[in-house]
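These protein sequences, in sequence, are chains H and B.
Residue numbers for the first sequence follow the numbering used here, beginning at 1 and rising by one.
Residue numbers for the second sequence follow the numbering used here, beginning at 352 and rising by one.
These are computed hints drawn from the structure, not numbers from a lab.
The model shown is predicted, which means the values in this text are computed figures rather than measured ones.
For glycine and all other residues, C-beta sits at the position ideal for the given N, C-alpha and C.
A portion of the hints provided could be inaccurate.
Claimed, not checked - When the alpha-carbon atoms are kept at most 25 Å apart in a straight line, the in silico SDA-like pairs for lysine to any residue are as follows: (1) K701(B) to Y642(B); (2) K472(B) to K573(B); (3) K574(B) to Q75(H); (4) K405(B) to R369(B); (5) K205(H) to K405(B); (6) K573(B) to L195(H); (7) K205(H) to E572(B); (8) K205(H) to K472(B); (9) K54(H) to Q75(H).
As the list claims (entries may be wrong) - Covered stretches of chain H (chain B as the covering partner; in silico rule of three or more C-beta atoms under 8 Å from a C-beta of chain B): (10) 222 to 234; (11) 268 to 279.
Number of protein chains: 2
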Amino acid sequence: MYGRGSFDQLDEIIAPHRKDEKPMIFLVDHFFSAGSGGNGKSLINRIPLHGNDKIIFADVSYEPKTTYVDQLAQQLKNEFGSVSGVIGIGGGSTMDLAKAVSLMMNNPGSSADYQGWELVKYAGIYKVGIPTLSGTGAEVSRTTVLTGPTKKLGMNSDFTPFDQIVLDPELTADAPADQRFYTGMDCYIHCIESLTGTYLNEFSKSYGEKALELCRKVFIEKKQWDAACDDMLMMASYAGGMSIAYSQVGVAHAVSYGLSYLLGTKHGIGNCIVMNHLEEYYPEGVKEFKYMVEKNKIEIPHHITKGLSDDQFETMINVSLGMKPLWENALGKDWEKIMTREKLMALYEKL
Amino acid sequence: MYGRGSFDQLDEIIAPHRKDEKPMIFLVDHFFSAGSGGNGKSLINRIPLHGNDKIIFADVSYEPKTTYVDQLAQQLKNEFGSVSGVIGIGGGSTMDLAKAVSLMMNNPGSSADYQGWELVKYAGIYKVGIPTLSGTGAEVSRTTVLTGPTKKLGMNSDFTPFDQIVLDPELTADAPADQRFYTGMDCYIHCIESLTGTYLNEFSKSYGEKALELCRKVFIEKKQWDAACDDMLMMASYAGGMSIAYSQVGVAHAVSYGLSYLLGTKHGIGNCIVMNHLEEYYPEGVKEFKYMVEKNKIEIPHHITKGLSDDQFETMINVSLGMKPLWENALGKDWEKIMTREKLMALYEKL
C-alpha cells in the first residue's frame, strides 16, 4: 500500500490478522518516543492499539544485533506465549529488527544460527513494515542485516520479507536532513553498485534505473525539500530494494560492513564515508555523489579509522573480504587478485 | 520470479502447494496446443505433470466470457471435487481466465455475480500466472476482465491477483509480430492514459514512466527485435500493470471496451484501432503511436464499425459510458459534459 495518509488504514489492514486474544506488537523506532522531538508523539497516538497490544520502542542507537533480536523475541514469548503479529515502524534498523523478531518467534535457537542464505526453516508470524525513513529498501528486501558474534550478515530467506508494507510518505517528512541524506544515499549507492555490477537482469536494471532517476530528482534537480521529495524518495527506496532481488551491491557496501562491524558505524553514513573514496571503482557515481554532498550541504565524516590498531584493521579486512558475492559482483570472478589485503588496508586507512 | 529459463523452476515452485491427491491444473493458451505451430509443442513438454495433473487448452478466440469461466470451474469440480491450484500459461485472456477460475472454485454462483469492485467473498485456490505475451499487465493486476450477460467488467478484488508469477522472457520469443505489437501497445496506451490522467500518485507515476520508457526502447529505439526486446517488454508489461494499482486507464480503453463487447474485438488490437483516432485527447501519445505503427510495419484495421445498426452503436455507447472511472480519469469530474453520446457516436463511426 502506497499513499499519503495510508498509515491511518493500519487498523483495518491488520484486523483480519488478529488471532484470539494474542496482541499485535508495534516495534517503533525510539526516535518516536515521548520527548524525542519531531512530531513523534502524534505518530504514537495514531497507532491503533486494541486489547493487550503493546508498543515497544526499539533501541536503534546501533545497527541491530542478533543478541537484541533474541532478547526481544524471548521477551514476547515470556509475556504472551505467542503474538498475532509484529509491526515495525521506523528506519532500516527497525525494519530489520521487526523481520528478525517475527522469524525468531517461530524458529528455535538464536538468530545468529540463521545468518546466511536459506537457513530459516519456518515462516515467521505476520509482519508489517512501515518505513519512516526512505532509502534502505529494507521494507522490501529478503534479508535482515544483523551483527552477530562472528559476522555482520542477514537472515536471507523466502520467509524474511514482510507480509504487508505501508508506504506513507508523510511519515518521512520530519526526518533530520542529514539522516535523510545518508539513508537516501544508501539507495543511490545501491543503484550505482548494482547497475555497474556483473550480476544484473532486466528486472533489477529497470528498478535500479528508476530508483537512480528518483534519487537524482530529489538530491540534484530539486531546489528545496518538499512533499514531492518525500513521495519520490519513498518510491526510490522501494524500487532500489526491489532491484536487489536479482543484483548485488558492491565495493561501498563491502567496505562499510567492516566499519559497522568494528565501530558500529551506521549503514547509511558508513556507505557515504566509503563512497567518498571510491573514484577508482565508480568514477562517475563518485563524482555525482560528491556533487550531491555539496549541493545538500552535508558533512561526511573523515578520519574515522585514525588511531585504530593493526588488529582492528585486520578485523575490518576480514569482515569485508568475507562478502564474496559483493566483491565478485563489483570486480568479477578474479576479484581476489584485484582487491588484495594490502589494497583494502590502504583504503581503510584513508577513511 | 523473473528470468530467462525460470519456467524450468515451475515444478519446484508449485511443489509446496500440492495438496493430497488433488491435481494442479495447467490452463494453457490453445496457441500452444499440438499442431498450432511455433515452439508450442516443446513448451507443453516442459510442463511439470505429476499424478492426476491436467492440461486444459483455453479457447481464447474471444475475450473471456463469464459463461466460459463458469463452465471451466464446473468441469473441474465435477471431475476432481477440488484441485491444488490453477496455473495459467498464455496471454492476457488466459491470465484472466486462470484468475477467474481460481476464484470460482471457492465462490458460489456465477462469475457474472462478481463483475464489479470488492464483490468476491472468498480467496480462490492457489493460482500462478505465466505470461507468454507481454503488455497487458494481467499478470499483476487485481482484476480479470470478463464479458458477461450485461457488461464487460472485471472481478476487481484483493483476492484476484496471482499468488505467484513466473516471468520468463524466453516464452514470448515466438509470439507473432503483429500480436506482440498490439499487446505491447496495450501497455503503451495504458501509460499514456494513466500519466495524463487525473488519478495518479508517485507509485503509479514511477511505474508508468518506466513502462513507457521500456516501450519506447523496444518499439522506437531498437532496429530489430532481439532477446533484449523480450526482456524489456516483459518488464514494461509488469510495470504497466503495477502502475494501474493507483491510476486508471482512459479514453482508448473506455471506447475499445464497447468494440469488444459488441464485436468481440480483442483488447490489444481494439485499443490500437481506437488510439489511432484520439489526437484530440492524447495529441503527443497518438503522434508517437502512429510513428511506432509505421516503424514496425503494422496494419491497424479501419472501418470495423461500417454497416452497424443504430441499435448496435447504442449498445457500444452504453457499454463505454458505463466505464465512469475511466472517463473521469481522462476528462475530469465534468466528463459527461465533454463526452456526450453524440460525440462518442461520431468517434465510433470513425473506427
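Going down the list of hints, with the structure as the test:
1. K701(B) to Y642(B): Holds, at about 20 Å.
2. K472(B) to K573(B): 46 Å, violated
3. K574(B) to Q75(H): With Cα atoms ~62 Å apart, K574(B) and Q75(H) exceed 25 Å; violated.
4. K405(B) to R369(B): 13 Å, holds
5. K205(H) to K405(B): 37 Å, violated
6. K573(B) to L195(H): 21 Å, holds
7. K205(H) to E572(B): Holds - the C-alpha atoms of E572(B) and K205(H) are around 18 Å apart, at most 25 Å.
8. K205(H) to K472(B): 38 Å, violated
9. K54(H) to Q75(H): 12 Å, holds
10. 222 to 234: holds (count 4)
11. 268 to 279: Not satisfied, violated; 0 residues make the cut.
Violated hints, in rising order: 2, 3, 5, 8, 11; the structure is consistent with all others.
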